[in-house]
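Trainee: If you want the building blocks of each chain, they are given just below.
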Amino acid sequence: MAAGREMTEGYHILEHPSDLGIEASGRSLKEVFEYAALGLVSIIADPATVDPAERRFVRLEGSDHENLLVKWLSEILYLYDGQQFLPSDVEITRLTATELGAVVAGEPVNEKKHALKMDVKAITYHQLKVEERKDGCLVRVFVDI
Amino acid sequence: MLSVMLAEMSVMIQKLDDYRYLVPKSFRDGMKVEGLIYANDELIKAIEHDQTVMQVANVATLPGLVGRSLAMPDAHQGYGFAIGGVAAADIHTGVVSAGGVGFDINCGVRLLRSDLSLADVMPKLDPLLNQMFRDIPCGTGRKGIVGGLSDDELDDVLGNGAHWAVKRGYGTEQDLLHIEETGRIPNADPNRVSKRAKERGRDQLGTLGSGNHFAEVQYVEAVFDEEAAEAFGLRLQQVVILIHTGSRGLGHQVCTDYLEMMQTAMRKYNITIVDRQLACVPIRSPEGQSYLSAMAAAANFAFANRQMITHWTREAFTRVLGKGELNVIYDVCHNIAKEEEHEIDGRRRTVLVHRKGATRAFPKHRPEIPKDYFEVGQPVLIPGSMGTCSYVLVGTERAMDETFGSSCHGAGRSKSRHAAKKEISADELIQELKEKGIHVRGASKSGLTEENPNAYKDVSQVVEVVHNAGIAKKVAKLVPVGVIKG
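Chains A and B supply the protein sequences, listed in that same order.
First residue of the first sequence? That's 1 in this note's numbering, and the numbers climb one at a time after it.
First residue of the second sequence? That's 146 in this note's numbering, and the numbers climb one at a time after it.
Watch out, some of these pointers could steer you wrong.
Some chain A residues judged to face chain B by a derived CB distance under 7 Å, without partners named [stated by the list, open to error]:
1. His16
2. Glu31
3. Met118
Since the hints were made in silico from the structure, they are not lab data.
Quick caveat: nothing in here was measured; it's all calculated off a predicted structure.
Glycine residues also receive a C-beta, built at the ideal position from the N, C-alpha and C atoms.
Modelling step: build the complete structure from the supplied sequences, incorporating the hints.
Mentor: Here it is as structure tokens:
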């Protein structure tokens, strides 16, 4: 399981006038999908203030990797904004061209404990990139804030 | 590659006059109509700097588009559609795109007028702002005062919008007369809104939110059109309140859900698009109608939201000042798709007008506008960036001829939030605004600096362009003295 607070080198936040993006790189697609989720959490709150107290299981189907990435991050956002559950660690347990399975650890949102930073409205397809190469993988995704 | 494209862009778009730039069909393959951008020499440079022009051209490739693919002077790069974009599609042959409305469905503004002048309010401005800041839930993660609504109650909100709010004691019947669509879009269907969207919205009703949303105490600094100002009840030095917020997580999720649905459904209708974010379906298809019913429900949520915030603002006014009546001047949507009748190439047609970061700007004598504004036209409310100034304009005939009765919606961002934050600390910004006579209450310091006014285009310049182009006319300029920031 990828721990959020140790992995800042796996993702970085991209800044544009009207956008905020997440770019993640790693050895495998699974890893970059994990980093991308941690990147999203880091936009919403300070990951260092969130403990992996509970687990949620995620299973998604999609039409391709791009679609799965948007759905996966939308799921993380829904856990936060719809279920008031703030993830801290994630592990992708299954990833094919059309399916994704994951375990998400985190805890219920607590405004006194968690340093909440910003509301994210949605995950977009704008300039979305999923690159799978022999020497490593990269994803880029922009979120609406 | 991209830099070459940008360099060529100035050659490829044609300046028609001081305020109009044409994007010809030769700009990119597949454009079914031309693009038209409203800007002056300075604003066009900012517009050319990002992908706005390409997005205007991309929108022009959508099936069934009529007239032109438009961008207002505050336009900047969005997702699929540019923010500040307007596009109309034929109701029978055209498409509806969830991205053409955007994630914050019915993000909009409402203007309230008081019967007090600045001199009446200034001595108690700080306690008033404190009271408003206490009573209006704002900021990241803040829950609404009403708490979790039951399923039936939430459906009532989605079906009836501001009418629900008035029924529950938030404001009066009179308020409804001065809201676009009277604060209730009729074809809303709560059953078309997903459980997830309802979960995201349930606790957020009656909250301002964060980002660029705000409530401001302002006064009328200048009046440009006496007749319209009188009809709207505006006079010099009068205190007014501007509320800027939308449909919160509920609307964001509706857009997310239908973008996904449209991507799949599109294949059935053999629609191909140049940008995945432009996913769309025929307006008259079951999927198109389903989206429009869900969009209307989300829009109603936003109308109810602004109605509740109006109520708490009134309570704060009464408690602190002991006097002062607040009346709704108008409430407009900035992100919406509407079925409207327009004359296109000499023929009256029913079209679906997508306004994404744009305001309806109907002229006098249109049946859609309130009776008491019938002889002057619809108020067009343009909020500036935090602590600068805002404008009231009025719709024109020319807007009907050129822009499907639409105009700009604000200043438009020009710098990233990160760059905005780096420029100034929150304390410095609060001090700087205070020196300008603007008092700020913000839920988060970081949120404040991200909305640093220097990160936005000059709203006055944007307004000058629409005024001079004739697609809305200036009525009054409003200057803030107090800001409540999410």
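Trainee: Determine for every hint whether it applies to the structure shown.
Mentor: For each hint, the structure was consulted:
Interface restraint check: His16/A against chain B, minimum CB-CB distance 6 Å, threshold 7 Å, status holds. With a cut of 7 Å, the hint placing Glu31/A at the interface with chain B is violated, because the nearest CB-to-CB distance is about 24 Å. Contact between Met118/A and chain B, as hinted, is supported at the beta carbon level, the nearest pair being about 6 Å apart and thus within 7 Å.
Of the hints listed earlier, the one the structure fails to meet is number 2.
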